[in-house]
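With the hints as extra help, turn the sequences into a complete structure.
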Amino acid sequence: MTRRTDAGESEVERYLDDMFDRLAHTGGAGRRALAETEDHLRAAVADGMTRGLPAGQAEHEAVARFGPAGRIARQMRSAGRGGRIGRPVSNALLLAGIALAGLGVSYLAAASGSVLWHPDCSSFLTQDCYLTQTTHQVAGTGTMFLVLGVALLLSRLLAARATGLAVSARNTALCAAAWCALAGAVSYADTAAPYSGGRLDLWWLAGLKAPLLAGGVTIAAALAAAAWSLARSHRPRYLR
Amino acid sequence: MPTFLGMDLRGHLDLLLLSTLRQVGPAHGYALISGLRERSLGALDLPEGTVYPALHRLEREGLVASEWDTTAARPRRVYQLTTAGVAVLAAKRREWRAFTRAVQAVLA
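Residue numbers (this note's numbering), protein chains in the order written: chain A, 516 to 755; chain B, 383 to 490.
Since the hints were derived computationally from the structure, they do not count as laboratory data. One or more hints might be untrue.
[Said to hold, decoys possible] One-sided and incomplete, this derived list gives chain B residues near chain A with beta-carbon spacing under 7 Å: (1) Pro429; (2) Glu430; (3) Gly431; (4) Tyr434; (5) His438; (6) Arg439; (7) Ala455; (8) Arg456; (9) Arg459.
All C-beta atoms, glycine included, are put in the ideal place defined by N, C-alpha and C.
Structure follows, in structure tokens:
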């Protein structure tokens with residue numbers, strides 16, 4: 516009995532692909548774990564075939580005996596250096612990075628919108644135009660937030676590589692979904708507010724005073740990220 | 383989690399791995415797991431993948447050392463006990479014997 520897909524992948528190969536995805540960004544520790552997993556599975560398959568099992572059945576048995584890739588990859592990440600400290604630090608960097616980058620993009624979107632909607636004040640060099648000054652400040656703040664957010668996300672990636680702690684794609688998707696949903700909701704609330712000139716007086720979220728479209732886009736992104744996250748948590752193909 | 387008759391084996395996995403390594407000598411993961419299964423007469427049949435994270439943790443703690451064996455058809459990571467690992471194994475054995483004596487005394 517063989518268990519190969521149309522693409523000709525064996526069950527062991529599919530398992531290794533899954534493990535590879537789950538150990539992404541773990542650097543040398545992940546490569547080593549993957550190499551050991553492959554060596555183990557190949558040895559187990561050879562062992563099974565020596566006992567007279569057909570190749571497909573030997574592969575199925577080897578994969579089943581090794582355990583679910585999600586659980587094993589999680590344990591391998593935890594066994595990596597800095598697991599106990601690294602995980603909360605990693606999650607904090609992820610939340611802060613996505614939040615700052617999201618704020619930065621929304622500030623820049625708001626600044627761009629102001630320039631487009633008020634062509635009389637489209638030049639940042641026109642210092643006597645109050646709106647332009649405000650736009651300039653918003654754009655500057657947005658750039659600062661965006662740079663800080665990207666720096667935090669990059670530092671998380673580098674730290675994960677250095678410590679062998681895997682970046683969780685599921686966490687990333689869930690964080691992105693949460694922040695996008697929040698940004699979208701604030702944007703909608705801000706646009707639809709019946710007072711304060713049709714807008715909430717969220718001066719500290721000036722950049723979130725984005726058009727209705729931005730809210731729709733971020734909420735759509737949130738739904739897509741959440742769906743992706745849920746899809747990743749489904750039962751892997753090799754166990755079906 | 384690795385279990386035996388429904389009991390969580392995580393607390394004992396270190397002792398089992400160190401002890402098996404002591405008995406079989408330098409070994410790669412697959413041989414180590416096979417050795418563990420054979421020595422327990424098939425009773426300790428763990429999800430095999432759970433052994434590698436445990437080995438990595440033991441290595442981080444300095445109780446085992448490992449290196450790639452490139453003489454085989456496929457490169458294999460070979461593990462062996464360190465001096466610290468031998469000492470910890472002896473201490474864990476003493477603890478286990480004291481624990482089983484106490485449980486035996488209660489059950490008797």
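Status of each hint after checking the structure:
For B:Pro429, the shortest C-beta to C-beta distance to chain A is roughly 4 Å, which falls under 7 Å, so the interface hint holds. The beta carbon of B:Glu430 comes within 5 Å of a beta carbon in chain A, closer than 7 Å, and the hint placing it at the interface holds. Taken as an interface hint, B:Gly431 checks out: its beta carbon lies about 4 Å from the nearest beta carbon of chain A, inside 7 Å. Annotation: interface hint on B:Tyr434 holds; nearest CB of chain A at approximately 6 Å, less than 7 Å.
About 4 Å separates the beta-carbon of B:His438 from the nearest beta-carbon of chain A, less than 7 Å, and the hint is met. Proximity of B:Arg439 to chain A holds as hinted, the smallest CB-CB distance being about 4 Å (cut-off 7 Å). Taking 7 Å as the C-beta cut-off, the interface hint given for B:Ala455 is violated, the closest approach to chain A being about 9 Å. Hint status for B:Arg456: holds, given a least beta-carbon distance of 5 Å to chain A, under 7 Å.
Because the beta carbon of B:Arg459 sits about 5 Å from the nearest beta carbon in chain A, less than 7 Å, this interface hint is met.
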